[in-house]
Amino acid sequence: MKGMWSEKKIKHLFDRALGLSSADQTEMVLFSRDLSLTRFANNYIHQNIHENNAVLSVRVVCGKRVGIAHTNSLDDEKVEKTIERASVLAKASAENPDFLSLPRPQPIKEIKCFAESTARQTPEKRAKDVTLICKKAKENGLTASGAFSTTVSQIAVANSLGLFACNVGSMAEMSTVVMSHTSSGYAEGLSTDVSEIDIEALSDEAINKALTSKDPVSLPKGAYTVVLEEYAASDILSFLGMLGFGAQSVQEGRSFMCGSFGEEIFNKHITIWDDGLSRYTIPMPFDFEGVPKRRVDFIKDGVARTVCYDSFTAGKEGKHSTGHSLPPGEVMGPLPMNLFFSSGTTSLEEMITSIDRGILVSRFHYTRPVHPTTVTITGMTRDGTFLIERGEIAFPVKNLRFTQSYLEALQQVAMIGKDTRLVRCSASFCRVPPLKIDSFNFVGSTEF
Amino acid sequence: MKEIAHRALNTAKIKGATYAEVRSVRASTQLITVKNGNVEVLSEKESEGFGVRVIADNAWGFASTSRFFPDEADMASALAVQIAKASALSKGKGIEVESRPALTAHYKTSLIIDPLSISADEKIALLLKTSYEMQKKKEITVARGTIMTQKEEKLFANTEGTLIEQEIVKTGCGIGVTAVSGGDVQRRSYPSSMGHQGTEGWEFVLKQNLVEHGARIAEEAVALLSAKPCPSAVKTIILDGSQLALQLHESCGHAIELDRVLGSEAAYAGTSFLTLEKQGQFRYGSEIVNIDADATYPGGLGTFGYDDEGVAACNIPIVKDGIFVGYLTSRETAPLLGASSNGTMRASSWNRIPLIRMTNVNLRPGNIGFDELIESTDDGLYMETNKSWSIDDRRINFQFGTEIAWEVKQGKLGKMLKNPTYTGMTPQFWSSCDAICNNDHYSMWGISNCAKGQPMQVIGVGHGTAPARFRGVQVGVMN
Chain U
19 MKGMWSEKKI KHLFDRALGL SSADQTEMVL FSRDLSLTRF ANNYIHQNIH ENNAVLSVRV
79 VCGKRVGIAH TNSLDDEKVE KTIERASVLA KASAENPDFL SLPRPQPIKE IKCFAESTAR
139 QTPEKRAKDV TLICKKAKEN GLTASGAFST TVSQIAVANS LGLFACNVGS MAEMSTVVMS
199 HTSSGYAEGL STDVSEIDIE ALSDEAINKA LTSKDPVSLP KGAYTVVLEE YAASDILSFL
259 GMLGFGAQSV QEGRSFMCGS FGEEIFNKHI TIWDDGLSRY TIPMPFDFEG VPKRRVDFIK
319 DGVARTVCYD SFTAGKEGKH STGHSLPPGE VMGPLPMNLF FSSGTTSLEE MITSIDRGIL
379 VSRFHYTRPV HPTTVTITGM TRDGTFLIER GEIAFPVKNL RFTQSYLEAL QQVAMIGKDT
439 RLVRCSASFC RVPPLKIDSF NFVGSTEF
Chain D
1356 MKEIAHRALN TAKIKGATYA EVRSVRASTQ LITVKNGNVE VLSEKESEGF GVRVIADNAW
1416 GFASTSRFFP DEADMASALA VQIAKASALS KGKGIEVESR PALTAHYKTS LIIDPLSISA
1476 DEKIALLLKT SYEMQKKKEI TVARGTIMTQ KEEKLFANTE GTLIEQEIVK TGCGIGVTAV
1536 SGGDVQRRSY PSSMGHQGTE GWEFVLKQNL VEHGARIAEE AVALLSAKPC PSAVKTIILD
1596 GSQLALQLHE SCGHAIELDR VLGSEAAYAG TSFLTLEKQG QFRYGSEIVN IDADATYPGG
1656 LGTFGYDDEG VAACNIPIVK DGIFVGYLTS RETAPLLGAS SNGTMRASSW NRIPLIRMTN
1716 VNLRPGNIGF DELIESTDDG LYMETNKSWS IDDRRINFQF GTEIAWEVKQ GKLGKMLKNP
1776 TYTGMTPQFW SSCDAICNND HYSMWGISNC AKGQPMQVIG VGHGTAPARF RGVQVGVMN
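Those sequence lines, one after another, are chains U and D. Taking our numbering, the leading residue of the first sequence gets 19, the next gets one more, and so forth. Taking our numbering, the leading residue of the second sequence gets 1356, the next gets one more, and so forth.
A few of these clues could be false.
To be verified - Here are the simulated lysine-lysine pairs, DSS-like style, with alpha carbons at most 25 Å apart: (1) K109/U - K1773/D; (2) K416/U - K156/U; (3) K334/U - K1492/D; (4) K1463/D - K1370/D; (5) K109/U - K1506/D; (6) K1370/D - K146/U; (7) K82/U - K99/U; (8) K82/U - K1390/D; (9) K143/U - K1448/D; (10) K82/U - K416/U; (11) K96/U - K1770/D; (12) K1446/D - K143/U; (13) K29/U - K1400/D; (14) K1400/D - K1463/D; (15) K1767/D - K1491/D; (16) K1448/D - K146/U; (17) K1633/D - K416/U; (18) K96/U - K1506/D; (19) K1491/D - K1764/D; (20) K1448/D - K156/U; (21) K154/U - K1633/D; (22) K1400/D - K82/U; (23) K1370/D - K99/U; (24) K109/U - K1446/D; (25) K1491/D - K334/U; (26) K1400/D - K27/U.
Stated by the list, open to error - A few chain D residues facing chain U, derived, Cβ under 10 Å: (27) G1404; (28) S1421; (29) G1447; (30) T1533; (31) E1605.
Claimed, not checked - What follows is a set of in silico ranges between Cβ atoms, one per label pair, in the way DEER data are often shown: (32) E335/U - P1672/D: 52 to 62 Å; (33) T200/U - G1635/D: 21 to 31 Å; (34) N1391/D - T363/U: 42 to 52 Å; (35) I1468/D - E281/U: 45 to 55 Å; (36) A1694/D - A432/U: 48 to 58 Å.
Hints are computed from structural coordinates only; laboratory data are not their basis. The beta-carbon is built from N, C-alpha and C at its ideal position, and this holds for glycine as well.
With the rest of the complex left out, here is chain D:
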């Protein structure tokens, strides 16, 4: 890969690029899905290729190919430069990126048990055992479990002399059931509804205790069929960690992407209400709300050694004591703030350009235990596991639904409720946060399906959260 990378960089310079970078990726992914006691999918995918991103005539161009041959390197580089020169026909003020010193580095995900060493038989057996537990109730029409493993070997090189090699391993799993009866359909999932992944080894799957939770979610899905619907009211709500992860993702994570703030996503998912003048002074949440973005967190799905511009992973303060203080930036956007890139440019694959993406965006834990949080709540709802989500194109008005909720009455968990939903406006919502559980209840959640860009890029991000309480929230938003 190195020889091809150097060939591509040289060709790009010859063709007129003032800056060029090459990123090659070899990815191997295994996916196993078991449904209703049968293997639904057992597949492996190998994908390899490299992309060349250049600046020529002060504009960006990018071309990629899956073929690792010198003439393909020449072709991709030449095409990238041609595309950049075409971009220059409408280039605005012109692209500038901060200069950075050359760097040579390596990074490898730290594993306890290599997930690639675990046989398909063993993984299937675990999922079949879990499926058996999930199917014990007759109302369960679908019981599905999934295990995913992926290894990515990445090489990044640029015309500044940087050369970085990384090996990143991801492991993930998830189970879900659908219960049907009397015209109603209810669903329960674990650990979350969108799968749960981390940059860890097989130990990630083992600690989820799928079999034990499989029985529980089946019981809950059936119980939901006869549960009362969530009332429509203004309530205190407590969100579990997995739902809070998605709340954080949608209302903060995307809003702090500086390229989005500057308008680069306006044609697709929109812009951001966190406009530049707000940095350092806007009250995003209550004083107990502290948020950071940490690409160094061990095992986080958004953890790596270096981003896809060759900038080292770091921890970025985003909200401090409720005040918005930081964006996710790149080599092109950070100088607009008088700063240096904080290393959040990530591409989903070799055939995509890097975009500013979340890494692990985390709500720092508070100082209260979960039992104490419930006991100190007089009248509210405890909501668990995301079911639906939607937010406006500046990240202000949102509506979420969870799979299940329980009433909290006079400090005790009470009746189960179905179809719970809640809605709000981002700054008001986060300003109503008056309690966050402590580190004992803090988990790093991995959301594998974050989408951004045209063409779309789906990437995995992490969110560290502990259950938290919010006051005065409209719940029960159904017509």
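Pulled out of the complex, with its shape left as it was, chain U reads as follows:
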């Protein structure tokens, strides 16, 4: 497969490299990526790229001193220099008393992460699919923009304690924003298998939203009952993950989970977990230390249970890594990458019908933490926001700014959707249902 290394070649690279290191412990991480992305705007392809890169990260441990060096030149001489450099850095570093050890080998579950169809996708095929979206947009008097990408990536980890793990994965991703002069609509599809991306359905979804949200009117600020479609609901899950479900945030005292373990903090119908082994996400069998992924139940039936760990944070508490390490050199600590929110029993239509006056939100834009401990987030609505009156969509409204504690929002979940959708949230993947929330605080609006 183009750009990917055979397991034999990787083992040869690692065995040679580990043999060159005289450190107490040594770790090698090889991350290769072959990415093709076709981008379009104004109903035509305006950017179209291909990238292939492989980065070797070497982590060297001397006592409790750690040095890290990375290179994307993988010839023998450069690899040797990189190991040497990591050793020099380790010796120059100061001791970190909290560092215990690199992880020991554990069995890795084999899971299906790769689809041949994604790897075989061509620029011509992507262009044809994009042309379809643009054509449909034009037929409706609209303008389409978006990005369609196919990626094959390979992660291999080995260390001097005998650990070896290697995996090839694929991902296809299509997102589109379709616009009129006064409206826009969004759709997104994500899968390991490009043949599961339904281009027609996505373009219809975005076009329908753009057509039905034309000529929005202003709505006063205030607290409203909301229905958050999956793209918006995923933002809640993503921020909970980023701000509070990693062990480092707890150990630093800034997570909302601090002091809440064992307590019911959300609606009892809410369970939130991370599972990198599930086929309902973009799966990954192990983390960047080669530790197998485990399912971690952060919230079970509304009760705060636990957080995720890498080997460093686990070592500080006498626990085991849950397989959530980020790449070597990252300082954010362990984070969940494959989040799930439990589904309920209600359809989107039933949620809308149940509301006397409220707002249907398709998506959020540029959301950022205002106060991390309460997960208070500010952001805008985008790509289709509608007033609901007496159980029906009344009319589209201009985009609103919200400032809302996501913790308080989850405490006011009145209905949970029965169907879920996989959504990309920055670096993580979230599978979420739509949510009806009794009160959500909008603090202003914009001109469109």
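Got chain U sorted already, so can you dock chain D onto it with the hints?
Below, chain D without anything else, positioned relative to chain U:
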């Protein structure tokens, strides 16, 4: 690198490209982070490769590789042309770029002390000393300091005969503390909350006086725990230089990227309210607001010799006496305005295409000292160091939060306030600006994490600012 570049250009032409450019980069980056008196990360990264961008059949294509071999040059060029021809299946009116004369040039960042000559030991020692100062208060749970150095060797060549070699060095540092007590968490950072970088040498770090400020931010973080929250009201606000840098970045810098105005980012971060008919006549801010984009400013994080299309760095007027006058442009977009590119195409790395990016977007200093600015404010808030930021997808409605604020009452700084936030609409906000500090208080801030594009590109940009005052702003936006 030159031989590979020429090979790639020749292959691109043979395969059918009507225009081609090659950009190779070798980057070495060192990062040191100390947390709570321990070295958290000590790493070095080498990244090298080259990308080929072509026009074939009036459409763009791009391919890159990390391997500097002739057959890789052939592969990348051929693939770039194949991709361009695929793009042509849906090419709109077709791509045209302005023609430019061939140019041979060199550029190198001017340094006083080469940061690569400073040992890791010395950098670690500085951060450990700073960490010690920051950890003196028991409420401090996290005390973190970072030093970054990077050297980039770049080569650009195109089928017009241009050949440019540049060596750009960046140095950066930053410290931050988290204080926790009584269920509250507060943070203070210095020089800014997102790290602070410049195209300078080790002198950049030395002048930040990290040790001295480490003690101060720890005191302030602890004091914030017991401070009153920012009230919800309409107020006069004074923004410090670092917060103003981000205000400028979000509400002006991105809005003036001409590719964004024309819709190229609609699928991701959105478009811009500064539509084409506004150039030359739209009131962006009050008459004292003057903004430029200057890629020549010594030491700016967005400073270089030539952009990634081979266009020389220059100074671009953006807002003059409050009126919007200029965009950031490229060889493809500038002709739509009847103009020539003003050299703002930048790629984050060898494996990315150049996009129109900010360089150093600056609010020109005014004529008032900082003390005088405070003394002339009867009732307001002085807000310092960014904590949160958000803006809509046309750059109009925004909300920002800072780490700390102080009341200003009858011309004096007063009580400390926590969790300060403010919100507004871009043109109304900038039109309410009635005072800007003078050159004595002007600093060039380096924001290292500006993101744009798909796939995402993170790049460093600069913003020159001095503290400024704005009237009638809604503050205290918390539910």
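Here is what the structure says about each hint:
1. K109/U - K1773/D: 42 Å, violated
2. K416/U - K156/U: 24 Å, holds
3. K334/U - K1492/D: 22 Å, holds
4. K1463/D - K1370/D: Violated, at roughly 34 Å.
5. K109/U - K1506/D: 23 Å, holds
6. K1370/D - K146/U: Holds, at about 22 Å.
7. K82/U - K99/U: 22 Å, holds
8. K82/U - K1390/D: 15 Å, holds
9. K143/U - K1448/D: This hinted pair holds, its Cα atoms lying about 21 Å apart.
10. K82/U - K416/U: Not OK: K82/U and K416/U at ~56 Å, beyond 25 Å, violated.
11. K96/U - K1770/D: 57 Å, violated
12. K1446/D - K143/U: 15 Å, holds
13. K29/U - K1400/D: Status holds; Cα separation ~22 Å.
14. K1400/D - K1463/D: 21 Å, holds
15. K1767/D - K1491/D: Status violated; Cα separation ~29 Å.
16. K1448/D - K146/U: With Cα atoms ~17 Å apart, K1448/D and K146/U stay inside 25 Å; holds.
17. K1633/D - K416/U: 22 Å, holds
18. K96/U - K1506/D: 18 Å, holds
19. K1491/D - K1764/D: 32 Å, violated
20. K1448/D - K156/U: 15 Å, holds
21. K154/U - K1633/D: Given pair K154/U, K1633/D is violated - Cα atoms ~31 Å apart, limit 25 Å.
22. K1400/D - K82/U: The given pair, whose Cα atoms are some 21 Å apart, holds under the 25 Å limit.
23. K1370/D - K99/U: Since the Cα atoms of K1370/D and K99/U sit roughly 38 Å apart, the hinted pair is violated (cutoff 25 Å).
24. K109/U - K1446/D: Between K109/U and K1446/D the Cα gap is close to 55 Å, so the pair fails against 25 Å, i.e. violated.
25. K1491/D - K334/U: Within the cut-off at roughly 22 Å; holds.
26. K1400/D - K27/U: Distance ~23 Å between K1400/D and K27/U Cα, so the pair holds.
27. G1404: 7 Å, holds
28. S1421: Where the cut-off is 10 Å and the nearest Cβ of chain U is about 5 Å from S1421/D, the hint holds.
29. G1447: 3 Å, holds
30. T1533: 6 Å, holds
31. E1605: Holds, about 9 Å.
32. E335/U - P1672/D: 52 to 62 Å: 57 Å, holds
33. T200/U - G1635/D: 21 to 31 Å: Holds, since T200/U and G1635/D (Cβ atoms, about 26 Å apart) stay within the stated range.
34. N1391/D - T363/U: 42 to 52 Å: 47 Å, holds
35. I1468/D - E281/U: 45 to 55 Å: Roughly 54 Å apart at Cβ, these two residues keep to the hinted range, so it holds.
36. A1694/D - A432/U: 48 to 58 Å: Cβ of A1694/D to Cβ of A432/U: about 55 Å, so the range 48 to 58 Å holds.
Comparing the model with each numbered hint stated earlier shows that hints 1, 4, 10, 11, 15, 19, 21, 23, 24 do not hold.
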